[in-house]
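Going line by line, the protein sequences match chains A and B. Reminder that position 199 of the first sequence reads as 199 in my numbering, one-by-one numbering, no gaps. Every position in the second sequence, counted from 1, becomes a number in my numbering once 1000 is added.
Simulated from the structure, these hints should not be mistaken for laboratory data. Heads up, some of the hints might be wrong.
Not the full set, but computed from the structure, chain A residues with beta-carbon under 7 Å of chain B [said to hold, decoys possible]:
(1) Pro-68
(2) Leu-70
(3) Ile-71
(4) Tyr-74
(5) Phe-78
(6) Ser-82
(7) Ser-167
(8) Phe-174
(9) Phe-188
(10) Gly-195
(11) Tyr-198
Pairwise CB distance ranges, derived in the manner of DEER restraints [claimed, not checked]:
(12) Gly-1186(B) with Arg-118(A): 34 to 44 Å
(13) Leu-211(A) with Tyr-1077(B): 41 to 51 Å
(14) Gln-133(A) with Val-1017(B): 48 to 58 Å
(15) Gln-1202(B) with Arg-219(A): 37 to 47 Å
(16) Ile-1029(B) with Met-83(A): 45 to 55 Å
(17) Arg-118(A) with Met-1001(B): 46 to 56 Å
(18) Ser-182(A) with Tyr-1077(B): 17 to 27 Å
(19) Val-1201(B) with Arg-118(A): 22 to 32 Å
(20) Trp-1011(B) with Gln-133(A): 48 to 58 Å
(21) Lys-1111(B) with Ala-207(A): 30 to 40 Å
(22) Val-33(A) with Ile-1029(B): 39 to 49 Å
(23) Trp-1125(B) with Gly-119(A): 47 to 57 Å
(24) Ala-1205(B) with Ala-207(A): 34 to 44 Å
(25) Arg-179(A) with Thr-1178(B): 24 to 34 Å
From a predicted model like this one, the values you see are computed outputs, not experimental measurements. Note that the Cβ used here is the ideal one computed from N, Cα and C, for glycine as well.
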Amino acid sequence: MTYEFDFPAVMAYWPLLLEGIWTTLRLTFFCTVFGILIGAICAIIRTGGPAWARWMVGLYVEFIRNTPLLIQAYFLIFGIASMGVRLPILAGAVIALTVNIGAYTTEIVRAGIESINRGQLEAAECLGLSRFQTYIHVIIRPALERVYPALSSQYVLMMLASSILSSVGVEELFGISNRIQSDTYRNFEVFVVLGVLYLILAIVVRAGFSLLGLALFPRRRKLGTPL
Amino acid sequence: MNWTFIVSLLWGLWGTVVLSGLTFLFGGIFGFIIAIARISPVPLISKATAVYIEFMQGLPLLVLMGLCFYGPGIFGYDSLTPLQAATFALTIYASAYLGEIWRGCLQSVAKPQWEAAECLGLTRWQRMRTIILPQALRIATPPTVGFMVQIIKNTSIASLVVGYAELSYNAKVINNSTFQPFLYFGIAALMYFAICYPLSVQSRALERKLNVANR
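Please take these sequences and the hints and turn them into a complete structure.
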């Protein structure tokens, strides 16, 4: 069996690959911002909201965590389209992925909030902090700080899982490579190149998160250790 | 709602269950080998395993599926059927994650247990089989059941590259002809939920039961 590998044929499409990488990174960025926002809000509701709201958030979290991303994406994106609403495809992808990652973030942040010592809350009250100030400075920030490692690995997984959204037509790195496959018939080489690129992306995103962590949590920077 | 479509979804569900079962079986076997190799006293073996885990956890499953689907043909083997290719890729994926989970469980068995077993003059294998594994098994059950949910969910993308027909694929085909995404993807989602949710609940219950000493 002689098979001639032809990587140059695939690498000739580097502008296309770069475009895909750029889309993947943009997708990851937006979903990280919205995901953490939704996760933080839902986690606050789940730990201290009214009973019905807690129940709703619980339902959302359980339902998302026990169904595949692919089905969620089909449901949301094809569903929205079937109602006659026209969305840019990237916006649809951001919605689907955010809904998905929001549920995971909620669970992680909730664990962080539950690990906050009650004494901290009492101290905040004694200092006369308002409810809002307490939430921001005493609950959410330390909670995020504590679960930051778990959070960042979840978001690296999300970046990898964004490849699934190629199936609804998003031209991120995986989706755009379909074009290279049908142009060159070099399927295996394309997958090898994709593998290398995703490994690099995973390293880059992980590094980005640790830098962000250093910037966001100065206490951690000073201690030099995870809390 | 058309009953032939529901039957088709149920067939898809069967495909999902078969693929998940095979993955769990083979992934479990390889994952166990990976976990043992990861804590091997030989640095070369443990380092090589660490690299393997790092690589496989940095690849999207779709890319892994493409490599497993197109790879064997290129290296002179018969090409794989969709089920074989999907099982192959999911096995590699599961072995990396299960290997890492179980390594943690093996290492969380208290250090004196390892030392005591050594003092008793047990061989490495005896130590593992009679002292460490029975204790590690208890610790490992909740995260393993939790990971089964991941496997079941991840079988949903087996149709995308290798074309294995399972629940998501059948749902997609039905939607292409009916254009009722909310209905049929909703039913498919409920079917996944019906399998995954009991496992998630079970995993949490086991964890609570196990944690009784720390309460």
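Worksheet item: Which of the stated hints cannot be reconciled with the structure, identified by number in ascending sequence?
Response: none
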